[in-house]
Amino acid sequence: MALISEVNMSFSHYMDDEYEKLFRRMNPPRVVIDNESSKKATVIRVDSANKHGILLEVVQILTDLNLIVNKAYISSDGGWFMDVFNVTDQDGNKVMDEAILDYIRKSLGPESCCTSSMRSVGVKQTMDHTAIELMGSDRPGLLSEVSAVLTDLKCNIINAEVWTHNTRAASVMHVTDEETGAAITDPQRLSLIKELLANVLGGGNKVRGASSVVTEQVTHTDRRLHQMMFADRDYERPDDNEFDEKRRPKVTVVNWSDKDYSVVTIRCKDRAKLLFDIVCTLTDMQYVVFHASIDTEGPNAFQEYYIKHIDGSPVKSDAERQRVIQCLEAAIQRRVSEGLKLELCTTDRFGLLSDVTRIFRENSLTVNRAEVTTKGGKAVNTFYVSGASGCPVDSKTIDTIRQAIGNTILKVKGRPEELEPATTQDSPTRFLFGGFFKSRSFVNFGLIKSYS
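Here the sequence shown is numbered in the UniProt record's numbering, starting from 1 and rising by one per residue.
Errors might be hidden in some of the hints.
Pair by pair, the computed Cβ-Cβ distance ranges are [what the hints assert, rightly or not]:
1. Glu338 with Lys375: 37 to 43 Å
2. Ala49 with Gly377: 40 to 46 Å
3. Gln322 with Lys396: 25 to 31 Å
4. Ala272 with Gly181: 30 to 36 Å
No farther apart than 27 Å at their CA atoms in a straight line, the calculated lysine-lysine pairs in the DSS-like style are these [said to hold, decoys possible]:
5. Lys40 with Lys273
6. Lys341 with Lys308
7. Lys411 with Lys341
8. Lys259 with Lys341
9. Lys375 with Lys396
Bear in mind the hints are in silico, worked out from the structure with no lab data behind them.
Just so it is clear, the structure is predicted and the values come from calculations on it, not from any experiment.
Every residue gets a Cβ at the ideal spot worked out from N, C-alpha and C, and that includes glycine.
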């Protein structure tokens, strides 16, 4: 009987998929891009058959192109999805690049095949790289320790995203084998990587532990980071967290009884990817956005969502209401760029991230968020750092770090005018050949055991 039930469920799922494909072929998505009607923005209109998660798919594509959504009007009541986005590039200009516009048409139009999936924390192999997902307690020097372990294990970090929020840290890293430049497939080696990273992540001695397991599914990096931190309950604020109270976004949730919706209103400082972060969280919490209005006025953002749970009900209780508010506040704050912004751009090499983050650690800097990318042999890394206990970073420390890494390699962004450049102009490659760095070995920490 159990086998018959499984077969019936599989057949039902297959039929649902086939029906969705047929409906999509009969009602293909339509994308209109208008650069004439607005003086300040490119207007993108999307009409499509409705399905759960489609709004997130559309927003994700626009976000991945680094487009800024200034205004948006969304409606997906019934079987049809219709929305309008007013977008600009990073410099606030209309999007005129035909390659980008053509990509939007193909990604959102009839040729699109958007999919979304959830996955658990762990290590995943692809033909190009191995993806490592980490979750644990945040502490000063954590990124330095993680990257040093990977370097000692001959893993080259080609991309990484690191978030910290409410004493928790999450990261998605893409690594390759130093010798082959390909994904790491040896089960023994993967097991060792997971074991040693779990030891590092568990070093904070916090109540909640660390995560590192194998998985076979794939998900968008930023969405996965939201999922990991949500599952880790980073939205539960410490009672004594006064810093968060001062900077909390204004989120309200009220029920509109006449229409059986819950209305979510958000007011906060505007920033890149804000819309994605909110829609991602609502989607993964199993809420459907039926209508929405997004607007920005100067540095501030106003967003309003009319939502129901996926089962068709509005928010049912005060406890559920408080949880929605807390989760949306956390989604907004996870990507808030606290601290001084440092940008590193140089020729990529093995162990680069380990060396740079060790300099930060030796100068008592804490990495609050990091974006690490490599392309065409170039490394472009962005770090948001603060001093001990979250205090501002003084100019002398920055001068010391820039001299160690190279003044032309490490740029300081958003720093007050009183920060003067270092007086000594060091070679951009000083730290590649000098004797500044000590051994990166973790043998003394008792973490690395022999591997062959």
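Outcome of the hint check:
1. Glu338 with Lys375: 37 to 43 Å: Between glutamate 338 and lysine 375, where Cβ atoms are some 27 Å apart, the hint is violated.
2. Ala49 with Gly377: 40 to 46 Å: 43 Å, holds
3. Gln322 with Lys396: 25 to 31 Å: 45 Å, violated
4. Ala272 with Gly181: 30 to 36 Å: For glycine 181 against alanine 272, whose Cβ atoms are near 32 Å apart, the range 30 to 36 Å holds.
5. Lys40 with Lys273: 19 Å, holds
6. Lys341 with Lys308: 39 Å, violated
7. Lys411 with Lys341: With a Cα-Cα distance of about 8 Å, the restraint between lysine 411 and lysine 341 holds, given a limit of 27 Å.
8. Lys259 with Lys341: 45 Å, violated
9. Lys375 with Lys396: With Cα atoms ~32 Å apart, lysine 375 and lysine 396 exceed 27 Å; violated.
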